[in-house]
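Protein chains in written order, with UniProt numbering: chain X, 1 to 443; chain C, 1 to 273; chain A, 1 to 298.
Warning: the hint list may mix true and false statements.
[Said to hold, decoys possible] DMTMM-like mimics (lysine to aspartate or glutamate), calculated; alpha carbons at most 25 Å apart, straight line:
no. : chain 1 : residue 1 : chain 2 : residue 2
1   : C       : Lys67     : X       : Glu438
2   : A       : Lys67     : X       : Glu428
3   : A       : Lys67     : X       : Glu414
4   : A       : Lys67     : X       : Glu438
5   : X       : Lys188    : A       : Glu295
6   : A       : Lys67     : X       : Glu73
[Unchecked claim] Here chain X is said to cover these stretches of chain A; the calculated rule only asks that three of the stretch's residues, wherever they fall, bring their Cβ under 8 Å from a Cβ of chain X:
no. : segment
7   : 39 to 49
8   : 58 to 64
9   : 173 to 180
10  : 234 to 246
Please keep in mind that the hints were generated in silico from the structure rather than gathered at the bench. Idealized CB from N, CA, C, for every residue including glycine.
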Amino acid sequence: MAHTRWTGPGMTRRTALGGLAAASAMAGLPRAARAQTAPLRWWSPQSSPAQAAAYEFQIEAFKAATGIDVVFERTSDEGYAPQLAAAFSSGEVPDVVTHLPSFAAQTYYANGLLEPFNDVIEAIGTEKYYEGANNVFLAEDGNYCATGIGNSAANMLWVRRDLMAEAGIDKIPETWDELRNAVSAMQKGGIYGAPLPYGVNSMTSLIFIGFIHQAGGQVFTPDLQVNLDNEGTRNALEFYKEMREYCPPGATNYSWGESLTAFVSGATATGIYTGRVLINVNDQNPPLADHITCATYPRMSTDIAPWTFNDFASVFIPAQSQNKEAAKQFAAFLFDPPGYIRQLHAAPGHVLPILRTISENPEYQDNAIIQKYSSEVDLMAASAANGFNLGYESPEHQSNSKAGEIIGSNIISEMVGRVVLNGDNVDEALSDASQAIEAIMAS
Amino acid sequence: MIRRVAFNLFAWGIVLAVAFPLFWMLVTSVKPQFELFRRPPTFLPETWTLEHYIRLIQDTPFLTYFKNSIILSTATTLVVVAISTLGAYSLVRFKYRGRESLAFLVLFTYLLPSVVLIIPLYLMLVSMGLSNTIFSLVIAYTTFALPYALWLLRSFMAGIPEDLESAALVDGASRMGAFVDVILPQLLPGIISTALFTFILSWNEYLYALVLVNSDSARPLTTGVMNMLVSSFNIEWSLLMAASVMMSVPLIIVFAFLQSYLTRGFGAGGVKG
Amino acid sequence: MQASQTVLERRYAALGLLLIAPTVLVFCAVIVYPLVSAIYLSLFSIFTPTLQGEWVGLDNYRTLLAKDEFWSSLVNNLIWTVGTLTLQILLGVGMALVLHQNIWFRSLARSLILFPYFISTVVAVLVWKWLFNDLYGILNHLMLAVGMIDMPVDYLGTMPNAMISVILVGAWKFFPFVVIAVLARLQTIPDALYEAARIDGAGPIARFFDVTLPQLRDVLVVIIMLRAIWDFKEFDMIYLLTGGGPITSTQTLPLLVYKEAFALNQMGMAAAYAVVMMLIMLVFMIVYIRRTRQEADT
């Protein structure tokens, strides 16, 4: 592991940097003083206004119950990596981090940056979880590096029934051929077929990994050998390239926000996103509200099982937290029904409950959106529960602690861009990407 | 006469083209969200609304960021101008060994890309217990603001005739007395101009703020707004444009009052090198 | 008399050192020390979040020079710098000449022209991204309306559009700096010079080349240097506009440094890139200063 790696003359990097820090005299004084008085810092990239309001409710309830202060601080999907890197390297870490993907937690844990999470899971109550819900957080050393705070089915196919009817399509596409025909039929009058992302960013990587699996391929073998160059990936690249003409011109820079907004605004006939679509359509473009529905994203053929991308939004506690006990208490408190339900209701259908006991809770079901779209929400919940991501490609796969770095490096989205946008040679792009991933695996 | 009108129209054509993005920002910020989804876009809003401004102020930490930015930029400006005025005075009017190499060093630090300094700077700030504070950004901003301020003030200082100071010295003033009584008043336009530039640079900085500050209590507007409004769950253009307008307001005010200083000050020697 | 003079001089020198002391201290603390650390870091292979790694000597530099990505980023960096700088200078000098004339509402026109420089890069980028938007952007709409195009243009996601867009936005944002400086200088050119030229029978164009341009020379030398440095190391605008995309087509060296440090978590490698980038700028600077000095001397 990295933190026990020794340098030539017997000096770790930390020692070297310690020397640098000592040069600036006042090393470390105020940090110790912080421990007792400072409030817990809670980071999350999920912070729409409604979610932030729910978090405030949880923070106040926790304060009332324990007298401990918590401050909420937002980070972002594309920004958390540098921010946490800076935080970890300086020791000025948040005390609780939520809603980062499971593979981010695994990566940090493997580098010794996180506190084992076993006792928090016990405090929440192992029996309350769906079965196997924590498998994805099992680290190599047998401990849990985090737990889930919510599931999400991030690559659902969203469609507009009104446009489908107009174009004479009677069934939601299940295969790639059907999808291609459908978007081609619906693309007219300034409406594009699909908002697939082609930018060099995490969304493109994550969504494209889904396409690889939907073509029966995989990025790694179950024992984590790089296996990117396979028939599935090649087919996925080809199909993804074909889909380009049905996506808006700006899709070359799309990430989650743009892709979502394109569907919600009515600019594309289909969408690819989580259940966040529901609340956004109802808030921002109500005329569409009665026409939308979702399905699992089409595959190359129906012989291949659907592959739902679930980032397994996590909760974890950095090892350098000055107040681990309080942080653990707070992490467990996040699952306290009134607050947790409020948090889930802030984006109904987007973050799906990780606890069986919450899904069954009538209070959770008591929400206009969840009721109006109950079949969609049920489908998403079922798909997400059987979902995967790069850290956990299939039940056979060992957990991959480098997945976070691979996504962060944008190797996969860069490969997609090279093939789709630049028209580079597929063999070359695949072999470059494979080599780059191997380099990360070896580091 | 016709030539004059034609020239004026030409000139104003360019001016309006340059200013169009700002006009568009203003217009977008008062359109309701659903109107933004209209294709083709409406030129002037069909429905005018201030809801985005109200939401920005009531439902988001915008005002906190705003306050942070004000404190941060003001503090940076004060620190940098104070240090660099003394420094420039010394560099221009005193003779000692190493003066020239010092001036060269100033020039050299211009070349440093911010990305080079970020991590060492961050480690340093943390070990001093200052990370995640506005003060840490003040220190970080000094890295690019000070060389520039020193450079500007040095040329302003060089533009002040030496005779004035010599006369005061002959009249029995001390060196610092002459500095306060003679140099400072002469230097005022330069100081104001330098202060403005420093303020603007600090108000607009993004990279340091992105990496060095991770808490809402110290985050300035640039990263705050991006972080808050450009997210994976929504891109609310009208809200973004409203935020952009409000971020620019202080600059407009400062600018409106001090514009003449800025241009005049520059003429006094700001870029004579 | 002689002796007391030296005492005074020595006292002055001491005072001079005292006055420069805060500057030197701050420089050492916030610039020199981090700089030395950065050079030191560039000799290690470091994993960013843990900051642990091992001594690799000059390996980082060897890897970097052998990497295509370094050279392509350097080329991008030069294209961006030269492109945007040229536009800034041309637009800036042109606009300054226009604004120097007595046009209607001159001070309003000046304020409007200078405004892009004073707004934050974040604001500029947001506004332009909104103008460029493929679906709801006014630029595409206007061009569609007048029939210049029949499909919306992808301004930021394809090449060469992305590089052109970045250069244009850069020029829009930064040319007012040139306007300010040139305008200020224009106001100090004595009218007598123009009178003399006019008497000699010089037309407006000849007057520009014979009178105005030589007078602007010193200012332009400095502006070009300042702006070249700033443009070369510009991070915010490119990062926020395209993030270096499509793929790496607009990725300049500062973006590469950021990517190495935070996306790839290779802090040591990033430091090496940064050091090399600095050296490149240093070389350019020295050459530039030499050449302008020589020209000034001849």
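Okay, the hints, checked on the actual structure:
Between the alpha carbons of Lys67(C) and Glu438(X) the distance comes to roughly 47 Å, so the proposed pair goes past 25 Å and is violated. Distance hint between Lys67(A) and Glu428(X) is fulfilled; the C-alpha atoms sit about 16 Å from each other, no more than 25 Å. For the hint pairing Lys67(A) with Glu414(X), the CA-to-CA distance comes to about 16 Å; that is within 25 Å, so the pair holds. Only pairs whose Cα atoms come within 25 Å are accepted, and Lys67(A) paired with Glu438(X) is accepted, the gap being roughly 17 Å.
The suggested pairing of Lys188(X) with Glu295(A) is violated, with an alpha-carbon distance near 62 Å, which exceeds 25 Å. For the given pair, Lys67(A) sits about 38 Å from Glu73(X) by alpha-carbon distance, which is inconsistent with the 25 Å threshold. Counting residues of the segment 39 to 49 of chain A whose CB lies closer than 8 Å to any CB of chain X gives 6, so the stated coverage by that chain holds, three being the minimum. Under the rule that three or more residues need a Cβ within less than 8 Å of chain X, the assignment of the segment 58 to 64 of chain A is violated, with 0 such residues.
Only residues whose beta carbon comes within less than 8 Å of a beta carbon in chain X count, and the segment 173 to 180 of chain A has 0; fewer than three means the coverage is violated. Check on the segment 234 to 246 of chain A: 5 of its residues sit with their Cβ under 8 Å from a Cβ of chain X, so the three-residue criterion for coverage holds.
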